[in-house]
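Novice: In case you want the letters, here they are:
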Amino acid sequence: MKAQQQIPRNALGWAILSMFTLVLPHIERIPPWVLAVYLFAAFWRIMVYRGRWSFPRWPVKLGLIIAGFAGILLSFRSLVGLEPTVALLLTAFALKLLELAERKDAYVLLFLAYFVVLTEFLFSQDLLIVLVCVLNVVIITTALVALHRPGDDRFNLRPMRQAGVMILQAAPLMLVLFFLFPRIGPLWTVPIKSQQAKTGMSEFMSPGDVSRLSRSGEVAFRVNFEGDVPPRSELYWRGLVMSRLRQGTWSALNFYEVPASQRRQNEPEPLGEPLRYSIIMEPTQQRWLYGLRYARSTSSGIMHSADFRIFRPLVIEDDYLYQVRSWPDTVLEPELSAWRRRIELELPDGANPRTRRLAAQIAAESASPAEAVERVLNLFTREPFVYTLQPPLLPERDRMDAFLFDTRRGFCEHYAAAFVIMMRAAGIPARVVAGYQGGEVNPVNGTVIVHQFDAHAWSEVWLEGRGWVRVDPTAAVAPERIELGLEEALAEEGSFLPDSPLSPLRYRKIDIINKIRLRYDALTYSWQAWVVGFDADKQFDLLKGFFGDFSARKFAAVLLGSWALVLVPVAWVLLLRRKTHALSRLDRLYLNFCRRLESMGVARKAGEAPRDYALRAQRKIPRLAEQIADVTKRYDQLAYAEGASQDGELGEFARAVRSIR
Amino acid sequence: MNAAAGTGGDSKLLTLLRKRFRHWINSRIPPSRVVTLNQRRIFIFPSKVGLFFGVCLLVMLLAAINFQSNLSYGLTFLLATLFIVAVLHTYANLSALTVRAVHARPAFPGQLTEFELQLERSRQKEHIGLYLKWPDSDARTVSLVDEDQVRVQLHAPVGRQRGWFNPGRLLLESSYPLGLLRCWSWIDLDLHALVYPRPLPSPELPGLAAETPDGAAVPVEGSDDFYGFRDYRQGDSLRHIYWKGLARGQSVQVKQYAAYADRSVWLDWEMFPGLGAEQRLSHLCFWALEFDRAGDEYGLRLPGVTIAPDCSERHREQVLRALALHGLEDRS
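In order, the protein sequences belong to chains R and Z.
For the first sequence, the tail end lands on 661 under UniProt numbering, and the numbers increase by one without skipping.
For the second sequence, the tail end lands on 332 under UniProt numbering, and the numbers increase by one without skipping.
These are computed hints drawn from the structure, not numbers from a lab.
There's no promise every hint is true.
Claimed, not checked - Here are the simulated lysine-lysine pairs, PhoX-like style, with alpha carbons at most 25 Å apart: (1) R/Lys96 with Z/Lys133; (2) R/Lys104 with Z/Lys255; (3) R/Lys104 with Z/Lys19.
As the list claims (entries may be wrong) - Pairwise CB distance ranges (calculated): (4) R/Leu615 with Z/Gly249: 37 to 45 Å; (5) R/Leu73 with Z/Thr15: 34 to 42 Å; (6) R/Arg658 with Z/Glu317: 38 to 46 Å; (7) Z/Leu51 with R/Phe155: 29 to 37 Å; (8) Z/Arg151 with R/Met600: 53 to 61 Å.
Unchecked claim - Here are some chain R residues pointing at chain Z (derived, C-beta under 8 Å): (9) Phe40; (10) Met166; (11) Trp188; (12) Thr249; (13) Leu575.
Note that beta-carbon positions come from the ideal geometry of N, C-alpha and C, so glycine has one too.
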C-alpha cells in the first residue's frame with residue numbers, strides 16, 4: 001500500500017460531517033433506527049480515529065449488513081420503492097464509514113454520498129432543500145479534496161476553498177448542459193414514492209372533507225396569467241366533476257363506468273377571446289389538473305375529459321407545469337345525451353325524503369328550471385344558514401335532510417351537495433364540482449397563489465339552451481367567501497388556519513412578514529417555472545427563441561462555445577497568471593553576477609552556496625578574486641542582515657556586480 | 001503503467017513498441033538536470049477512480065431521466081462539469097513545477113544509492129501530493145504548501161554493474177484535487193550514480209609479499225611509529241586528528257606516523273596477471289579499501305591512470321572512482 005493511500009484525518013472529519021448534513025433533509029422519511037445506526041457508526045469511527053477501538057471484523061460487519069436489510073424490510077415491508085432505497089443507501093453509507101481505512105473506501109463512500117444527495121431531489125425540489133443539498137455537495141467535495149492532501153492531521157477548512165472554487169467554476173458549465181441536454185422520457189418504469197400521502201382534493205367528497213382541507217395553508221398551485229388577472233369571483237378552478245352520490249358521498253365516475261361512446265369530449269365551439277395562463281402544481285399524487293372553465297391545454301400529455309376537465313394519465317409526483325387556454329363564456333354541451341342525462345339525474349332511492357319533497361314542491365311552483373334554481377338559492381339566502389368551518393356532525397342517514405332542516409350550519413361542500421340533490425329531485429341535471437376558488441395575487445410577480453384553504457365545492461346545472469351553468473350556493477350564503485376569500489368569511493369565527501399558528505399566512509396583516517412571504521413565493525415560482533418545470537417543450541421554446549431553427553451543428557457550436565467562454569478564463573487564471581513571483585532586487589543583481597561569471601566559464605552549480613561558488617570562481621579567475629570576494633561578502637551581508645536593505649547599499653552592491661567583467 | 005522500463009521476454013512487437021516509445025519520450029522530454037514541467041511534459045488521463053466516477057454519473061443520469069427530475073439532472077451535470085474543471089486543476093498542480101537533480105551517492109554493487117532532488121515552484125501556488133518514484137526506488141509523496149522548495153531523497157538499488165547507474169525515468173504523479181484524473185510526467189534528470197567495482201578479496205597482494213610482515217593480508221593499525229604533528233588539511237583521515245590537543249583548545253592538528261618510503265604501497269593493474277579486467281578491478285578495490293581502513297598510504301596505477309600514494313577520504317574516492325570508471329567514459 002502506497003503511503004499516499006492512507007486517509008488524512010482531515011478528510012475523515014469532513015466525511016463524518018457530510019454524513020450528518022446528508023441525513024438532515026431525509027430525516028422525515030427514514031425510520032428512527034437508521035438514525036441510531038448513523039450515530040453508532042459515527043461514534044465507532046471516531047473511536048477508531050482516536051485509536052481507542054479497532055475496525056469491526058468481518059462477522060460483525062456481515063451481521064450489521066444483515067441487520068440493516070432486515071430492519072428496512074421490517075420498517076417498510078418491502079425493499080422496492082424510493083423510501084426503502086433511500087433508507088438502504090443511508091444505512092450502507094453509515095456502515096461503509098466503519099470500514100473506511102483506505103483511500104479507495106473513501107471514494108466509494110463519497111460517491112455514494114453524492115447519490116444520496118440526488119435521491120433527495122426525487123422527493124422534493126423545494127428551494128430550501130436545494131440550498132441544503134448544495135451545501136452537501138460542497139462538503140462532500142471538500143472531503144474529496146481533503147483526501148488528496150496527505151498529512152493533514154487536523155480538521156481544517158483549507159480544502160473547502162479549493163472545493164468551493166471548483167464548484168463555482170463548474171456551475172456555469174452545468175447551466176449550459178442543463179438547458180441544452182435533450183430531455184427524453186423515462187427509459188423504464190421506476191418505483192413510485194409508495195409512502196407519499198396524496199394531498200389536495202380527493203376523489204370522494206362527503207361532508208367535512210373540504211373543510212378539513214381548508215385548515216391547511218399549503219400552496220396547491222400557482223398561476224401566471226398572460227394578461228390581466230380576472231376578478232377573484234371568476235376564479236373557479238375546476239378539478240373534479242362528481243356525478244355520483246352513494247351513501248352520502250359524492251364521487252367522480254370511473255373511466256370504465258363511462259360507455260365508450262361517451263368518453264370523448266363533445267368539443268364545444270370556443271366563444272370569445274381566451275384567457276391564457278400557465279399553472280405550476282405542487283405534487284398531489286393524483287391525476288387531475290385544475291383550470292378555469294372551459295379549459296384546453298396545449299401541453300403534451302394532457303387529456304380532456306367528457307365533463308370538460310383536464311387531466312394527466314400519469315400521477316403528478318413532482319411540481320408540474322402546464323399551459324392552459326380558457327374560454328369562460330363557452331356553452332358547454334348544448335345537447336345532453338340520454339346516458340348523460342340519466343347519470344346527472346340519478347339519486348339514491350329513498351334517501352333524504354324531506355329534501356326531495358321540498359324540491360318537488362319548488363319545481364312544481366316554478367315556470368322554468370332557471371326559476372327553480374333561483375328559488376332554491378333564495379331559500380339559502382332567506383333562511384338562517386351559517387357558513388362555518390366547524391359544522392356539527394350529521395347523522396349517517398338522510399344527512400341532507402338534517403342539514404337543510406335542522407342544523408343549517410355547513411361548509412361549501414354541504415351547500416353544494418344539498419343544492420345538487422334538490423336540483424336532481426326537481427328534475428334538473430346537476431352535479432358537484434370540486435376544486436379551488438379564488439387565490440391570492442402576488443404583487444411581486446403578478447402570479448395567483450392558490451392555497452389549500454381555497455378549496456371549494458360548487459355545482460353545475462344543465463339548462464336548456466345554456467348548457468352547463470355554474471351555480472355556487474355558497475355565494476348565496478356567504479358572498480364574502482367568494483369576493484374576499486376564506487379568511488374574511490371566517491373573520492368572526494376566528495377559525496382561519498387553526499392548526500398552524502406559525503404559518504406566515506396568519507400574519508398577513510403584518511406588513512414586513514407578508515412582504516417577505518410574497519417575495520419568497522415569487523422566488524419559488526421562478527424556481528419552479530425555470531428549473532423544476534423545465535421540460536422538453538420548454539426547452540424547445542427556449543432554444544427556438546434564442547437560435548431560431550435549431551440544428552445539430554448549432555447545438556455543438558453553442559455547447560463548445562459557451563464552455564470555452566468559461567474554461568479559457570479559468571485555464572488562464574490557473575496556468576498563466578501569477579507568473580514567477582518577483583525576485584527581490586538583491587537576488588536579481590546576484591543572478592546577474594552569476595551570469596557574468598558563467599560567461600567566463602564558471603557556472604554556479606545547483607544548490608551551491610555563494611561562498612563555495614566564490615572560492616571556485618576565484619581559483620578559476622584569479623584576476624577577479626578580490627571583486628568576487630567583495631560581491632559575495634556584500635550579498636551575504638545584505639541577504640542575511642537584520643531589517644530591510646538600504647537603497648544606498650544596494651546601489652553599491654550593483655556597482656560591485658558591474659565590476660565583474 | 002511503466003512502459004519506459006521494459007523487461008525482456010516479451011514479443012518482438014512489444015519490444016519494438018517499447019523502443020519506439022522510448023525514442024518518442026526522449027525527444028519529448030529530453031534528459032536534463034533541471035526540468036520544468038509544461039504542457040509538453042505533462043500527461044493527463046482519467047484515473048481508475050475517474051472511470052468509476054463516470055459510471056456513477058451514468059447511473060445518476062439514468063435516475064434523473066427515469067424520474068424526470070430536473071434537479072437530479074442539475075446535480076449530475078454539476079458533477080460532470082466538476083470532472084471537467086478538475087482537468088485544469090489537476091494539470092495546474094503539476095504545471096510550472098521545477099525538478100532539479102541535486103546529487104546521487106556512489107554505491108557498491110547491490111547497495112542502495114540515494115538520489116537527491118529538489119522540487120521548486122515558480123509560482124506562488126500550492127503543489128499538493130506529488131508522488132515521486134523511480135522504477136526501482138522507494139516512493140515519496142511531498143507537497144509544496146508554504147515553502148518554495150523542498151528536497152527529496154529516494155533510494156534505489158544500483159545493480160551489479162560497475163560504472164554509471166542510470167535509474168531510468170522518474171515518475172512524478174499527482175491526482176490532486178479530486179483524484180478523478182491522474183496527471184504525470186516521466187522525467188530523465190540525467191542523474192547517474194557511480195557504482196564502484198565489487199570488492200573481491202584475494203588471499204594476498206602479489207608483489208607485496210616482501211614488504212608485508214609475515215604475509216598477513218591486513219597491516220595492523222598503529223604498527224607505524226609516531227613521527228610528529230602537522231596542521232589539519234582537508235581530506236585528512238579523522239582517525240589521525242589529535243583530538244586531545246583539540247580538546248585543550250589547540251588548533252586542529254593531525255598525528256603523522258613514520259611512513260617508510262618503500263612502505264607506500266602501489267596498487268597496480270599488473271599485480272594480477274592472467275585475470276580478467278573486472279576481476280582485477282575488484283581485487284584492487286578490495287585492497288584499496290583495506291589500506292584505507294588501516295590508514296596506510298597507497299597509490300594506484302591503471303593503464304592510463306596514475307594516482308600518487310596518499311591516505312584520505314578524498315583520495316579513497318578518487319581511487320574508487322578511477323577503478324569504477326576504468327575503460328568507461330567519465331560523465332562529469
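Novice: Provide an ascending list of the numbers of those earlier hints which the structure does not satisfy.
Specialist: 1, 2, 3, 4, 5, 8, 9 and 12
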